[in-house]
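Student: Here the sequence shown is numbered in this note's numbering, starting from 1 and rising by one per residue.
These are calculated hints, taken from the structure and not from any lab test. Just to be clear, a hint being listed does not mean it is correct.
[Claimed, not checked] Have a look at the derived ranges for each label pair, beta carbon to beta carbon: (1) 65 - 126: 31 to 41 Å; (2) 67 - 39: 17 to 27 Å; (3) 126 - 90: 33 to 43 Å; (4) 67 - 126: 20 to 30 Å; (5) 92 - 129: 37 to 47 Å; (6) 93 - 71: 33 to 43 Å; (7) 108 - 88: 34 to 44 Å; (8) 34 - 102: 16 to 26 Å; (9) 62 - 129: 43 to 53 Å; (10) 104 - 34: 11 to 21 Å; (11) 125 - 64: 33 to 43 Å.
Just so it is clear, CB atoms sit at the ideal spot from N, CA and C, and this is done for glycine as well.
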Amino acid sequence: MKRARRVVSAVLIAVLGLLIAACMQNPEALQPSDVIALVPSDTVTPADGVSRVPLDVQLLNGATDGEISFHVDKGTFAGSGNPDLKLTSSGHHAVVTFVAGTAPGIARVTATIAGVSVTTDIRQRFALPE
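Could you put together the complete structure from these sequences and hints?
Tutor: Right under this line is the structure:
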């Protein structure tokens with residue numbers, strides 16, 4: 001099973017490497033957003049340390065399932081409590097949940113698969129008292 005995963009990972013890396021090389025020769029050919037899409041369910045959330053924003057990840061144009069690394073510069077991810085998270089996509093899809101930090105500002109979320117990264121921003125606004 002581990003060997004099969006290594007082979008699949010190696011093939012994925014090789015294919016994406018070829019796609020990236022093609023982009024370098026023709027920058028209009030394929031962009032990271034043509035390989036992976038990262039879409040938050042909302043782009044604004046209270047900076048209250050508990051609000052959650054699910055992010056939908058789609059692998060596009062024949063990109064195969066694999067390990068996706070996530071990083072957020074302000075806030076954490078549900079289930080880990082950390083600003084970094086790794087998970088494996090299934091059916092060219094994954095969902096990760098951002099947990100707001102406690103300071104207002106822009107949280108930049110990055111998703112990376114096989115060296116291809118995309119980012120999205122979530123604005124954390126002042127949390128109003130209840």
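Student: In ascending order, which of the hints set out earlier in this document are inconsistent with the structure?
Tutor: Violated hints (numbers, rising): 4, 6, 7, 8, 10; every other hint is consistent with the structure.
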